[in-house]
Structures are given as structure tokens and as C-alpha cells.
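Number of protein chains: 2
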Amino acid sequence: MDKLKIAAEKKSPICIGLDTELSYLPKSLLQKDIALSEKLFLFNKEIIDATEDLAACFKVQIAFYEALGMEGLLAYKNTLAYLKRQGLLSIGDIKRGDIQSTQAKYVEGHLRGDFEADMVTLSAYMGEDALSPFYEDLKRGDKGVFVLLHTSNPSAGDLQNLQAGEKKVYEHMGDLLEKWGAPFIGEEGFSAIGAVAGLTYPKEFALLSKRYPKMFFLIPGYGAQGGKGEDLQQVFRDGIHGVVNSSRGIITAHLHKPEGEHFAIHCREKALAMKEDLCRW
Amino acid sequence: MDKLKIAAEKKSPICIGLDTELSYLPKSLLQKDIALSEKLFLFNKEIIDATEDLAACFKVQIAFYEALGMEGLLAYKNTLAYLKRQGLLSIGDIKRGDIQSTQAKYVEGHLRGDFEADMVTLSAYMGEDALSPFYEDLKRGDKGVFVLLHTSNPSAGDLQNLQAGEKKVYEHMGDLLEKWGAPFIGEEGFSAIGAVAGLTYPKEFALLSKRYPKMFFLIPGYGAQGGKGEDLQQVFRDGIHGVVNSSRGIITAHLHKPEGEHFAIHCREKALAMKEDLCRW
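Keeping their order, the protein sequence lines are chains V and A. Note that the working numbering gives residue 132 to position 132 of the first sequence, counting from 1, and the numbers run on in steps of one. Note that the working numbering gives residue 94 to position 94 of the second sequence, counting from 1, and the numbers run on in steps of one.
These are computed hints drawn from the structure, not numbers from a lab. All values derive from a computational prediction rather than experimental measurement. Hints are supplied without guarantee of correctness; some may be wrong.
If chains are identical, the list can't say which one is meant, so a pair holds when it fits in one copy or spans any two.
[Claimed, not checked] Heads up, simulated BS3-like pairs for lysine-lysine below, C-alpha to C-alpha not over 27 Å straight-line:
hint: 1; residue 1: Lys10; residue 2: Lys228
hint: 2; residue 1: Lys275; residue 2: Lys210
hint: 3; residue 1: Lys3; residue 2: Lys139
hint: 4; residue 1: Lys275; residue 2: Lys179
I would like the entire structure built from these sequences, with the hints used as guidance.
Okay, here's the thing in C-alpha cells:
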């Protein structure tokens with residue numbers, strides 16, 4: 001998490017979400033006589049190259065690639081490998097959550113193997129077993145995880161907002177994450193166990209970020225999902241303790257614009273506008 | 001779910017879990033001069049061929065394949081395709097849970113695309129949004145989902161057992177699943193929205209299966225995880241309303257036996273023993 005915090009301070013607290021769909025690809029790229037995986041990868045690469053000085057990290061949402069089957073997953077793999085080669089930070093947005101022996105396999109695949117990322121997202125409905133297989137890699141200091149805490153979607157509250165004693169379910173989850181994350185505090189003061197907390201519920205987010213000062217947040221919900229920069233300005237006034245993800249808002253910026261060779265210029269412009277929106281404090 | 005209920009009655013309520021690791025493969029297969037994906041697939045195929053008359057369905061745990069990267073996922077894909085060709089029922093054990101637009105991508109990948117299965121497992125920490133993109137496919141009647149309810153692992157209770165009002169969190173989840181599943185009741189009386197409930201907590205399981213008579217269960221925790229057939233005999237006395245998964249117990253039955261051409265005979269024997277253990281009621 002140290003690296004991410006430093007990158008967020010140096011560049012901006014923006015996480016660019018590469019939720020790449022075929023319909024986002026410029027026609028000129030779609031019509032090239034190359035494999036589908038190569039088209040998807042080149043699309044991502046152009047956006048990465050055009051924005052890498054503006055974004056703290058890139059999040060690759062694996063669902064979009066699984067939807068495209070083996071070719072999609074090859075693009076997922078190649079995108080993460082490219083980020084690594086460029087020295088850029090990556091989040092594999094996989095939201096895996098299972099029993100220990102199964103989670104250990106996800107560690108093999110997503111922190112070490114073909115799909116290696118610097119950080120991954122996890123779901124802990126099954127409790128600490130979903131996290132403990134990651135501890136060995138977290139201890140070494142260069143990997144991190146973000147666990148679902150209070151998500152940005154409309155039905156987030158179905159389970160997360162249930163009142164359980166004096167706390168809501170998501171607050172229980174937060175307290176557990178704080179406890180589990182305590183052994184992994186880095187030099188910048190943040191645990192390698194971070195949390196996903198949506199910007200669409202700004203009040204709850206502000207409370208969470210106060211309640212857990214050592215927790216680094218992955219914050220979805222900006223732009224397409226309705227969250228605004230001003231919601232974060234209060235929260236980030238005391239320093240950066242999270243990255244704000246934008247996917248569609250940035251990677252579809254070129255659609256409905258006249259098509260040129262350099263579609264990613266439009267994505268860069270959107271990322272710049274987002275940086276301005278976020279960094280007004 | 002109709003098809004699964006019928007298969008469970010005709011064959012047995014066994015679900016064979018193909019959690020395939022390289023270390024499970026017989027040496028003769030490992031040393032063959034073929035691609036890794038082919039070795040993994042042939043291992044699965046032998047087990048499927050040797051047990052298909054005994055098992056209601058086969059569950060393929062994708063984590064084991066993701067751990068082996070692109071080659072692993074090719075084996076995952078080919079295993080599901082083979083099950084389909086043979087007219088056998090498959091569960092893609094993916095436990096995905098995300099916002100609607102992302103879950104819609106998992107539908108594309110896992111109910112329709114390269115990784116098509118008859119049923120998949122899901123996690124609903126994010127609420128109904130994790131399920132609603134599947135409704136269209138569930139309505140058509142030949143697909144099903146199993147959502148994490150009360151899992152079989154040691155730390156299942158961290159979140160699931162929190163007391164929230166008069167009910168525990170997992171009971172709230174069960175009530176939600178019952179509500180969401182109500183429009184999808186099939187001819188056999190079960191909803192296409194089933195639930196994962198572990199055998200390692202037999203009392204809780206018995207209560208759940210009474211509380212939700214229209215819910216079909218995927219029941220992990222038999223064998224390696226400690227669950228016993230006798231725990232199920234009470235529950236299944238009134239009819240079959242779930243399938244019991246065994247993975248390692250069956251697919252490693254040939255290890256530490258003298259190696260022959262037909263390693264899967266040992267897997268068949270274990271499946272037969274499990275059938276006897278389960279079907280004594």
C-alpha cells in the first residue's frame with residue numbers, strides 16, 4: 001500500500017478502470033487483422049500510455065475479459081504484464097472469496113501466476129479464511145488487497161446495512177478488516193489490507209475513513225455511478241488515504257468524437273478533468 | 001434446478017468436485033508429451049467417464065484452473081464443454097459477486113460464453129445486484145445459481161453468524177434468497193436460486209432446509225472438511241433437496257495406490273462408498 005499512497009500523492013488519487021468492452025474499441029482497431037486479445041490489449045495499452053503520468057494505478061475488471069472467453073483472458077494477462085513492465089501499479093478486480101484452500105489457489109493465480117497484479121479485490125462473506133491465504137504475500141510488503149466493505153451499488157444495503165447490535169454489518173466488517181490488517185501496516189501508515197467503499201454514499205464514506213485511519217480505500221462510484229469530486233474534498237483534506245476509480249467515464253471518452261489515430265487523447269483529457277475535480281482541496 | 005433434482009434422485013445426490021491440481025495427476029499422464037491443458041482435461045475426463053452414472057452433477061472450481069493460468073483455464077473450458085456434450089450437469093464454482101453491470105459480464109462468460117455451465121455459484125454481499133443480471137437466464141428455465149448462505153469453512157461465522165435483530169446475518173441472507181427466488185420456482189418445486197450451506201454445521205443446515213422448503217442446496221463440507229453422511233440422513237429423509245459435494249475425497253482416491261492405466265477406478269470406488277454413506281435413509 002506504501003507504493004500506492006506515494007503514487008497517489010505524486011500523480012493523483014485516480015485509479016483508471018480498464019473495464020474494456022468490444023464496443024469501446026475504435027473501428028480502426030476493431031478492423032485490424034489481429035487476434036481479438038491483441039485488439040483488446042492494444043486498446044488498454046493506448047489508454048495506459050496516454051494517462052500513466054496522471055493515474056496512481058490501473059484497475060482491470062476481470063469480468064469484462066471473462067465475458068470474452070479465452071481471448072479476453074489473454075488480454076487481461078497481457079495488460080497486467082504490460083503494467084508491470086512499465087513499473088505501473090495494478091489492481092486485479094476479481095472480488096474472489098472462498099474457503100482457505102481455494103483462496104490459496106487465487107493467490108497462486110493472481111498475486112504470483114499468469115494473472116499477477118500488485119493488488120487484488122476480495123470478498124469476505126466467508127470471514128477471515130478469504131484473507132489468510134494472502135497474508136504470506138502481504139507480509140513481504142509489495143502486495144495489497146482491497147476487501148468489500150461498503151459498496152457503491154444500489155442494493156449495497158440489502159446485507160451491508162443490516163443493524164447487528166450497535167453496529168451495521170458493514171461496520172462489523174470494517175472492524176474485522178482493521179483487526180486483520182493490523183500486522184501489515186507499512187511505512188506510510190496504511191495496512192496492506194485496504195477496503196472498497198463507494199463514493200455514492202458520501203456520508204458513510206466520511207465516517208468510515210475517520211473510523212479507520214490506517215485503512216487505504218479503493219473508492220468506486222465516481223462519474224458514471226453518480227459520485228462527485230466535492231464529496232471527496234472533505235474526506236481527502238487531511239491527506240490522501242484512498243484512490244478513486246473511474247472506468248467508463250475515462251475509457252469511453254473517445255466515443256461519439258470524430259475518430260482519429262489517437263483516440264486515447266480524449267481519455268487523457270477526461271483523466272485530467274477528473275484530476276482537477278478531485279484535487280481542488 | 002428441476003434437472004438437478006431429477007438427476008439427484010435417479011443417480012445420487014452426489015456432486016463431484018473437480019478441484020484438479022497438478023499433484024493429483026498420475027505420473028503416466030503428467031509425462032505425456034501434450035499440453036498442460038490437455039493433461040488436466042484428460043484427468044477430469046477419466047473421472048467424469050468413470051463416475052457419471054453415480055453423480056448428479058460435476059462442480060468445477062475455477063480457482064484451481066486460474067492458479068495454472070491460461071493453460072488451466074483452457075482445461076476449465078474444455079471440461080465444461082465435455083460435460084455439456086455428454087449431457088451431464090455442471091456447476092461453475094466461481095462465487096462471483098459484483099455490481100450489476102459487472103455481474104452481467106459474468107453471465108456472458110459463465111452462463112453463455114466460453115465457460116458456459118448449467119449453474120454457477122455466486123456471492124451476494126453486494127445484495128440483489130449480484131443476482132438480478134442472472135434473472136433473464138433463470139427465467140428460461142435451464143440455468144440455476146447457488147448463492148453463499150452458510151458456508152462450511154472455519155471462519156464462516158465471522159460475518160454470517162452476527163446477530164442482526166432476531167435473526168443471524170445468514171438467516172437474513174436466506175430470507176432474501178427465498179424472496180428473490182420466488183419467481184423462479186420450477187416444476188419440481190424448487191427455485192432456480194439455490195444456496196450454498198455447509199455440512200460442517202449440521203444443526204444449522206437442518207434448520208435452514210426446513211425454513212426454506214423451496215430452496216435447493218449445494219452442500220460442501222463432506223469428507224475432507226469433516227461432514228458425515230449421517231448428518232444428512234435426517235435432513236434428506238423427506239426427499240432430496242440438495243446435492244452434496246466431494247472434491248478431494250473422490251478425485252485423489254488413486255493417490256498412494258499402485259499406479260495403473262485406470263486410476264479413475266479408485267475414484268469410482270470412493271464415489272460408490274459415498275453414495276452408500278449418503279443414501280442409507
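Violated constraints from the hint list, given by number and in increasing order: The structure conflicts with hint 4 only, although it agrees with all the remaining ones.
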